[in-house]
Amino acid sequence: MQTALSIGADAFAYGMVLFMITIGLSVTMGLMKVVNLAHGAFAMIGGYIASYAIQQAGLPFWLAAVTAVAGTVLIAVPLERLLYRRIYGASELTQVLMTIGITFVIIGLANYLLGPTLKTIRLPDLLNAPVNIGFRTIPGHKLFAVLVGLAVALGLWLLIERTRFGVKLRAAVDNSAMAEALGVRTSLIYSASFALGIGLAALGGVVGAQLLPIEPYYAMRYMVTFLVVVSVGGAGSIGGAILACLLLGSIETAARYFVPEYGEFFFYLAVIVIVAFFPNGLLGRAR
Amino acid sequence: MNVIPQRHGEAGLLDHEYVRDAIFVAALLAAAYVGFLVMPNMLALLTRMISIMLLVLALDLVTGYAGVATLGHATLFGAGAYAAGIGASQYGVTDPLLMLAVGAAAGAVAGLVCGAVILRGRGLTQLVLSIAIVQLAHEAANKGSSITGGSDGLSGIAPDPLFGMFRFDLFGRTAFWFAVALVVLVVVALRVVMRSPFGMLCRGIKEDPVRIQSMGISVNGTLLRLYLISGVVAGLGGALSAISTRVVGLDSLSFDLSANALVMLVLGGVGNLAGAVVGTVIFVLFENQVSVISPFHWLILVGLLLVAVVLFAPSGVTGLFARLFTTRQRP
Amino acid sequence: MTALLEVTALRKRFGGLVVANDVSLSLAAGDRTALIGPNGAGKTTLVNLITGHLRPDGGRVALAGDDITRLGPTGRVHRGLARSFQVTRLFPSMTAEEHVALALLQRAGKAERMLGNYRRMPDIVEAAHAILGELDLLGDAQSAVRQIPYGRQRMLEIAIVKAMRPKVLLLDEPAAGISHGDTHLIEATINNLDPGLAVLMIEHDMDFVFRFARRVIVMASGKVIFDGTPQEVQRSPEVRSAYLGSYADDRGAA
Chain C
1 MQTALSIGAD
11 AFAYGMVLFM
21 ITIGLSVTMG
31 LMKVVNLAHG
41 AFAMIGGYIA
51 SYAIQQAGLP
61 FWLAAVTAVA
71 GTVLIAVPLE
81 RLLYRRIYGA
91 SELTQVLMTI
101 GITFVIIGLA
111 NYLLGPTLKT
121 IRLPDLLNAP
131 VNIGFRTIPG
141 HKLFAVLVGL
151 AVALGLWLLI
161 ERTRFGVKLR
171 AAVDNSAMAE
181 ALGVRTSLIY
191 SASFALGIGL
201 AALGGVVGAQ
211 LLPIEPYYAM
221 RYMVTFLVVV
231 SVGGAGSIGG
241 AILACLLLGS
251 IETAARYFVP
261 EYGEFFFYLA
271 VIVIVAFFPN
281 GLLGRAR
Chain P
288 MNVIPQRHGE
298 AGLLDHEYVR
308 DAIFVAALLA
318 AAYVGFLVMP
328 NMLALLTRMI
338 SIMLLVLALD
348 LVTGYAGVAT
358 LGHATLFGAG
368 AYAAGIGASQ
378 YGVTDPLLML
388 AVGAAAGAVA
398 GLVCGAVILR
408 GRGLTQLVLS
418 IAIVQLAHEA
428 ANKGSSITGG
438 SDGLSGIAPD
448 PLFGMFRFDL
458 FGRTAFWFAV
468 ALVVLVVVAL
478 RVVMRSPFGM
488 LCRGIKEDPV
498 RIQSMGISVN
508 GTLLRLYLIS
518 GVVAGLGGAL
528 SAISTRVVGL
538 DSLSFDLSAN
548 ALVMLVLGGV
558 GNLAGAVVGT
568 VIFVLFENQV
578 SVISPFHWLI
588 LVGLLLVAVV
598 LFAPSGVTGL
608 FARLFTTRQR
618 P
Chain V
619 MTALLEVTAL
629 RKRFGGLVVA
639 NDVSLSLAAG
649 DRTALIGPNG
659 AGKTTLVNLI
669 TGHLRPDGGR
679 VALAGDDITR
689 LGPTGRVHRG
699 LARSFQVTRL
709 FPSMTAEEHV
719 ALALLQRAGK
729 AERMLGNYRR
739 MPDIVEAAHA
749 ILGELDLLGD
759 AQSAVRQIPY
769 GRQRMLEIAI
779 VKAMRPKVLL
789 LDEPAAGISH
799 GDTHLIEATI
809 NNLDPGLAVL
819 MIEHDMDFVF
829 RFARRVIVMA
839 SGKVIFDGTP
849 QEVQRSPEVR
859 SAYLGSYADD
869 RGAA
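Protein chains in written order, with this note's numbering: chain C, 1 to 287; chain P, 288 to 618; chain V, 619 to 872.
Be careful, since some hints might not be right.
Computed cross-link-like contacts, DSS-like style, restricted to lysine-lysine with a CA-CA straight-line distance of at most 27 Å [claimed, not checked]:
#, chain 1, residue 1, chain 2, residue 2
1, V, Lys728, V, Lys785
2, P, Lys430, C, Lys33
3, V, Lys728, P, Lys493
4, V, Lys785, V, Lys841
5, C, Lys168, C, Lys33
Part of the chain P face toward chain C, derived, beta carbon under 8 Å [stated by the list, open to error]:
#, residue
6, Leu384
7, Leu385
8, Val404
9, Leu414
10, Ala427
11, Gly431
12, Ile587
13, Gly590
Everything labelled a hint here was simulated from the structure, so no lab data went into it.
Don't be surprised by glycine CBs; every beta carbon is placed ideally from N, CA and C.
All chains, full assembly: derive it from the sequences and hints.
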């Protein structure tokens, strides 16, 4: 029981980090139908900016996190306008090639500008202190990741269900031509949700840096994990994304705990089984 | 231009096809000979290039002809490489032709398994399944080190002389010409298969699977057969790599190799065998030059190239040439 | 006369929407039947249920007396069921000749051959040219479909189903998307189909329907509300209220 709770706590923290990073990917994939392999690269950029802001510019963690999100969005929006826009509605192959190309360039540049070493994000003492959660203590940053993840989920839910933007977003996801005909400027919705998704990815990159350490190959190393999460959850579904993150987070954490040697093996085996039986994701809609 | 086809006119078209086959083979042999003369010290690199070329050709079948997007095709290549390597190092199957046969068979089985799994999905699901499979295979090879050598790689592969006469020499001459002969045979066979009714079906599936189905033809059945052929070709590539390098590493069963193969294919141009050949040659030669300076520079270059290909040359280098050629022909 | 196609109590719902509500109909050899009904009546859904592209929630489909309800789309084609599509479904980069040849190869059981080229199979080439010739498409035989005008692409759709030599043919708005002046070409082609063939045609152009059909089936909201002769359909009060009433204006405008 103790073990299960302990694994559960770690899995929860890991799952929420995955959620923050992948929810943007899920939304853009559901909305623009773009398989964006470079999504993880933007999380990495967020991590790099935060690290730089803390180490070199001496900003406090909180301010660095905000800077990271803003900076990543500033980098991503022109890319959306210039490159991504060209591949909306193109074949998966085209999208994969374009976005894998962008990923390669970002990895290469990250290494060229910042070197191949691991970058740490120094946490404030508050987040380093262990926190007692009843049955064990966990590092404060894990609890923080959980809290931020939950806040993001709640915020997104409110945004999508309770605001005018959310109405337009849902209309565009359901039927973009119809939404366009009803006067929704879908291209603006695309840009806004792309920016939002990238911003959340950057936030996840910063908050999750203790679990997914920042280095140039970050963008490749976790690309697969992120894609898997989206396809297991079902593109465009927030509930599905949370479910997939917690499920896959638990599988990976548990496998790492019980069979450390074969952790990845079981992770991918689980993915194949889940995806083969739910081709549209756990909560995705059939197309 | 509405030309009503005549019976004898078609015979002319047929000749034309054979002529093109012959030109293709001649070009391949000529290129190989030039490589042999210009880079006598780098025959090992050229041989490796040919084994990867077989993987890219195999990928061209499913992705280029039939439109199945996959980022896990190295699974088929790795299956061939490990099967041939294990057969040679542990079961004494050291005749190079037998090793090829073992590799082809293993590739075919891997192709069927991968196909059966990947074809359950569409689009993103398909991609994710393909990635999951190659990662799973990679981990299996990594952990099954008693058989595969794990991360140290599989060694102790000592192929017999070819036909009992030609030893695989230190300079890699035998291996090189062996590889050239193999790729020429494969290319000729694939050209024949891809203009058969079956090949026409595969192209049809890429453009409209629903129409194929409504003609009474099973889409997944056809694709599975294509995956089988693709597995044979990729497996031959893997076996060739085991024979020529005498080691099999985890990299032969990796996501990276799968992604690189896709890049090579697209660079050259999808859906025609020449594209697969040209893309591999360009990629491997440039990679060899640039990554000596820095592997990260190479990544930037490839990344920019990919974006440029998508934006400006969606049909790859061969497509560019074809376009140049046809526009020049027009008055 | 025995029915070639027998549809019994077919039911299908999407979520809360009933798109096929106990639909029954039958076609005999030589039938020329039109299926009409307002938009959203469930006509194309019915075709998809009959061809096996959709699975019904209940009911039965039989072809020449055999139950084919559990058969997939390809199995049904092998039993002699063919369909055309409302929006052309062709292979843009392939030639018209290749399309017809592929259909002929399938019927000859040679479609999955990995050796040889259909151009070297004189029987296939001759048959393909015969069909293309009948539909006046020989001029487009060697053109890629993307270079052929849409009207002729519609003709090619019919050439393909002709090549499949079905027993039962479902035509989903064969004249859709063609300018009014060119419909007569499609119409002539359909009139020239093998007399023994059972044809069910979905069509919106009422003049065409009345010229073509010896029998008319009317659907509304997933239900068959009328099954009878073209003369009767104009007199039927149900049809009038469910369909012609709202449609009469459209006809007047056309």
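- Task: Grab the minimum C-beta distance from P/Leu384 to chain C and call the hint holds if it beats 8 Å, violated otherwise.
- Result: violated (34 Å)
- Query: Between V/Lys785 and V/Lys841, does the CA-CA distance stay at or below 27 Å?
  - Reply: holds (25 Å)
- Is the hint on P/Val404 kept, meaning its closest Cβ partner in chain C is under 8 Å away? holds (6 Å)
- Message: So, as I understand it, the hint says P/Leu414 touches chain C; can you test that by seeing if any CB pair is closer than 8 Å?
- Response: holds (7 Å)
- Satisfaction of the P/Gly590 interface hint, Cβ to chain C closer than 8 Å: Cβ of P/Gly590 sits 3 Å from chain C, so the hint holds.
- Message: Restraint: P/Ala427 near chain C, CB-CB cut 8 Å. Satisfied or not?
- Response: For P/Ala427, the interface hint holds, since the closest Cβ of chain C sits about 7 Å away, which is under 8 Å.
- Hint consistency between C/Lys168 and C/Lys33 [alpha-carbon to alpha-carbon, up to 27 Å]: holds (17 Å)
- Item | Satisfaction of hint between V/Lys785 and V/Lys728, Cα-Cα up to 27 Å | holds (20 Å)
- Holds or violated: are the alpha carbons of P/Lys430 and C/Lys33 at most 27 Å from each other? Given pair P/Lys430, C/Lys33 is violated - Cα atoms ~37 Å apart, limit 27 Å.
- Task: Sort out whether P/Lys493 lies within 27 Å of V/Lys728, counting only the CA atoms.
- Result: With Cα atoms ~20 Å apart, V/Lys728 and P/Lys493 stay inside 27 Å; holds.
- Message: The hint names P/Leu385 as touching chain C; please verify it with the least Cβ-Cβ distance against 8 Å.
- Response: Violated, about 31 Å.
- Supplied contact hint for P/Gly431, tested at 8 Å Cβ to chain C: violated (10 Å)
Hint compliance for this structure: hints 2, 6, 7, 11 are not met, and every other hint is.
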